[in-house]
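Engineer: Just so you know, the sequences run in chain order A and S.
Residue 51 in the numbering used here sits at position 56 of the first sequence; the count goes up by one each step and never skips.
Here the numbering used here = 1-based position in the second sequence + 10.
Once the Cα atoms are required to be at most 25 Å apart in a straight line, the calculated SDA-like pairs of lysine to any residue come out as: (1) A:K321 <-> S:V144; (2) A:K321 <-> S:A122; (3) S:K235 <-> A:D131; (4) A:K321 <-> S:G132; (5) A:K281 <-> S:F150; (6) S:K209 <-> A:V315; (7) S:K209 <-> S:A326; (8) A:K282 <-> S:R151; (9) S:K455 <-> A:V106; (10) S:K235 <-> A:M301; (11) A:K281 <-> S:L142; (12) S:K245 <-> A:E130; (13) S:K235 <-> A:A312; (14) S:K461 <-> A:V106; (15) S:K209 <-> A:V104; (16) A:K281 <-> S:V144; (17) S:K209 <-> A:I316; (18) A:K281 <-> S:G146; (19) S:K245 <-> A:Y305; (20) A:K321 <-> S:R215; (21) A:K236 <-> S:L431; (22) A:K236 <-> S:L370; (23) A:K321 <-> S:M139; (24) A:K281 <-> S:R151; (25) A:K327 <-> S:S216; (26) S:K455 <-> A:D91; (27) A:K102 <-> S:F452; (28) S:K235 <-> A:V129; (29) S:K235 <-> A:V315; (30) S:K235 <-> A:D304; (31) A:K321 <-> S:E327; (32) S:K131 <-> A:A312.
To list a few chain S residues with every Cβ distance to chain A over 10 Å, as calculated: (33) T34; (34) P95; (35) G103.
Worth flagging that the hints you see were computed from the coordinates, not collected in a lab.
Being a predicted model, the structure only gives us computed values, none of them experimental.
Positions of the beta carbon are idealized from the N, C-alpha and C atoms, including for glycine.
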Amino acid sequence: MDILNAIVALLNFVVIPGAAYGAQLALGALGVTLVYGILRFSNFAHGDTMAFGTMATILITWWLQSMGVSLGPLPTALLALPFGILAAALLLLATDRGIYRFYRQRKAVPVIIVIVSTGVMFIYNGLVRFIIGVEDQNFLDGERFIISARDFKSMTGLDEGLALKTTQGITIVVAVIVVAVLFWFLNKTRTGKSMRAFSDNEDLALLSGINPERVVMVTWLIVAALATIAGVLYGLDKSFKPFTYFQLLLPIFASAIVGGLGNPLGAIAGGFVIAFSEVTVTYAWKKVLIYLMPESLEPSGLVQLMGTDYKFAVSFAILVIVLLFKPTGLFKGQSV
Amino acid sequence: MTQSMRAPLLFAFVAILFILEGTTNFWIFSGSWNTSLGILNMALISAIMALGVNLQWGYAGLFNIGIMGFVALGGLATVLVSMPPAPGAWAAGGAWQILLSLVMGAATIVAAVLVWSKMAKGRARNLTMLVLLVGGFFLFRFVFDGGVEFVEAITPASTGHIGGLNPGGDAYKDFGWLTIIAWPVGGLIAAGAAWVIGKTALGLRSDYLAIATLGIAEIVIAVLKNEDWLARGVKNINGLPRPVPYEIDLQGDPGFLERAASLGMDPTTASTIYVKLGYMVLFTIVLLILLWLAQRAYNSPWGRMMRAIRDNEVAAEAMGKDVTARHLQIFILGSAICGIAGAMMTTLDGQLTPTSYQPLRYTFLIWVMVIVGGSGNNFGAILGGFLIWWLWVQVEPIGLWLSETLTSGMAEDNWFRIRMLDASAHMRLFSMGLVLLLVLRFSPKGLLPEK
Chain A
-4 MDILNAIVAL LNFVVIPGAA YGAQLALGAL GVTLVYGILR FSNFAHGDTM AFGTMATILI
56 TWWLQSMGVS LGPLPTALLA LPFGILAAAL LLLATDRGIY RFYRQRKAVP VIIVIVSTGV
116 MFIYNGLVRF IIGVEDQNFL DGERFIISAR DFKSMTGLDE GLALKTTQGI TIVVAVIVVA
176 VLFWFLNKTR TGKSMRAFSD NEDLALLSGI NPERVVMVTW LIVAALATIA GVLYGLDKSF
236 KPFTYFQLLL PIFASAIVGG LGNPLGAIAG GFVIAFSEVT VTYAWKKVLI YLMPESLEPS
296 GLVQLMGTDY KFAVSFAILV IVLLFKPTGL FKGQSV
Chain S
11 MTQSMRAPLL FAFVAILFIL EGTTNFWIFS GSWNTSLGIL NMALISAIMA LGVNLQWGYA
71 GLFNIGIMGF VALGGLATVL VSMPPAPGAW AAGGAWQILL SLVMGAATIV AAVLVWSKMA
131 KGRARNLTML VLLVGGFFLF RFVFDGGVEF VEAITPASTG HIGGLNPGGD AYKDFGWLTI
191 IAWPVGGLIA AGAAWVIGKT ALGLRSDYLA IATLGIAEIV IAVLKNEDWL ARGVKNINGL
251 PRPVPYEIDL QGDPGFLERA ASLGMDPTTA STIYVKLGYM VLFTIVLLIL LWLAQRAYNS
311 PWGRMMRAIR DNEVAAEAMG KDVTARHLQI FILGSAICGI AGAMMTTLDG QLTPTSYQPL
371 RYTFLIWVMV IVGGSGNNFG AILGGFLIWW LWVQVEPIGL WLSETLTSGM AEDNWFRIRM
431 LDASAHMRLF SMGLVLLLVL RFSPKGLLPE K
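In isolation and in its complexed conformation, chain A is listed as follows (with noise of 0.2 Å):
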């Protein structure tokens, strides 16, 4: 029983959450792999894309809830995603031919379209704060639980409860659609394969008659995709605050590069890498050690290895330990 019980606290606490951010992580570091890919530079706007695209749902989603549309038990964000997705769409796509293209087709040094995006994102992050302001935003509506820790006890007689939050659920579920959309997208369809083929080696593509535009539009496209989602997904599960999105932007970067920048697989594996460690170095293992040992050695502390506020000196760690030791990830990316 105490067994169970420390599997209930477990999950409950560590499995889940961490599943939850780090599909979210997985689905934001799969933008910024995607822009690095193609584009070759690190997008530092990539947060405050996310935020913009979120503000652009929330929006949406207030003015539906004020119209009495609603999903019934799913947040009605879901249906205003399309809309949000489609406004971070304009912008990027805007973003990309005012500015971006200017230094690509003059071939500028990555390190100077990389500056071009933090002033992108000073733009960006202006604009979500001008118009939804810098406060907390709810835009959570429906059922709140797919299974509360009330009524796992009561069904299952232990003492721990296992709490499944409806948005952890629909973090879980539209990230394993979002990535399979994606790859069969890559991997199947004829503006996929150019895609990639633009991605290992740009001579060549160009040679075969590869349109670099396309490829680049296409790009924008399927990253104002990703960010929103994984913005909405963020915003639905923690809570919407502009800033937040900004510091998002470590352990995102974090997962990319733990899974080797420029590879999508690997984006995904970082982000969950990431979320895990998180999650399990700054938990309490209080609770789980007392179901595991005999009384004579329960803890007296909390048994936390770092406080929550650290959260960020972990993917920092991880970073710095992938950095010095395997620079190209654990897959193989395509930056040294």
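Position chain S relative to chain A; hints supplied.
Structural biologist: Frame of chain A, contents of chain S only:
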């Protein structure tokens, strides 16, 4: 306009902006010398930060976006040097225990590095590393947690931290000159952090340094916010001593009052302006010293080598230059300058407030300064520091004025008008991003290009 006239004219233009701020209250200007000097003092500090970043970016092409972290470390140095040791924390050994645990932590890491480099590759090495790191961590936490608990329990409402090196006790404010000692110390601490970052991230792609510095900056701020024993965390440290006299003492000094009266100023204004002028003189001296050093470095063989590396790493390496080592060197130097500026800023504020460190303000704004001013040109960086800081302060009144003008035809309670007036506070980020993009696109060399 010839190149040689450009710099004096632009600096004269900036000077006029500050004089206008002091003399007229027309349009967005406040007409107060107090405000003008206040902006100027921060502009001097910003110019020093820009000088440091210019060293990294302009001389060597390194993209550091962790400036905030180095600035905050400088601020921490001011506290650690100029505050008195907290009564009780050292006497009963709690603070010593924390120090001991930190030494143990460092020893663990050094031992692990030694094991990694000296032992033969294989399972034995991995196992030793693992045992060493895990054991070291738990031992560190055991000693450390005890010390922290002890220190933080001592009068948590007023101190609850280890304090600093000020020998003055209750009269610690008489030791204001200690804050000036703290400036180079801030530089040293920042340099130490830069060494650690540089060791791991330099020699790889340029983006990796950017991400690593972004990370270390966030971590430094997290440590400052959460480690109450160090600098009281979010409870802030107030009342740092200062190297210039206090207004209240000046107002009680008959000699000063007499001179103020002879200039026709009331004592309050005269004392605040006197204090700000004092800071201005100190900051200007530091800026001039650093500028002189930076110029000397730029024109030396070392500076030429740096630029050769920046312009073509492969060729420089073929000529036998150790690119990674030179990069590490200049990265440390630039970060140290940011640390000095950070210590100066905390001295000027008289307090350390970890929550006030925002990356957009302390990292990206400095980047805008360097790029707008002219990367690679020290005078450009300083000009950018002055100009962009002035703009940063004034964008809000300009934005307010703009929204008021644009919506002046609307009713007082029109929602759009209210929204616009509210949102003018967020104009800063937007306008700074716009300035950065416009300069990068149309004048990538900046206002004062490198020769």
